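Build out the structure end to end from the sequences listed, making use of the hints.
Note that the protein sequences, when read in sequence, are chains P and W. Using our numbering, the letters of the first sequence correspond one by one to residues 6 to 69. Using our numbering, the letters of the second sequence correspond one by one to residues 6 to 69.
Here are the computed lysine-lysine pairs in the DSSO-like style, where the Cα-Cα straight-line distance is at most 30 Å:
id : chain 1 : residue 1 : chain 2 : residue 2
1  : W       : K48       : W       : K8
2  : P       : K8        : W       : K53
3  : W       : K8        : P       : K53
4  : W       : K8        : W       : K53
5  : P       : K48       : P       : K8
6  : P       : K8        : P       : K53
No wet-lab data here; the hints were simulated from the structure. Values in this document were obtained by computation on a predicted structure and should not be read as measured data.
Number of protein chains: 2
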Amino acid sequence: MAKPVQETLSHEEQRLLLELLFAQRYALELVCCELADIENGDKQVDAKRYQQLLRLYDRLLQET
Amino acid sequence: MAKPVQETLSHEEQRLLLELLFAQRYALELVCCELADIENGDKQVDAKRYQQLLRLYDRLLQET
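This is the structure we're talking about:
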């Protein structure tokens, strides 16, 4: 399988994308969509990833 | 000034966000919006950042 795109980006490119994500205030929405998909049963993830996503959601809610 | 949120995230959290960004196929749109804002004169950036964004845009176009 090909490497996921995000792993082929340089550190600078990754940083730039994260900057845009926060500048355009889209980070929380992104995590929200993913959690909705999981909770609706549209997407299967393991418990560890679900916990990571929940923590990230709380983190972003506090910070933004 | 407070630290930008993205700089307060752990490496794992940053990675998770980038993963979602690509999974939801939003990365290219994010860069596109930023370039449109700059080219319309709605946002001022220096030439270096503009070049970085253009390179990232080309990169993502090829990869996705």
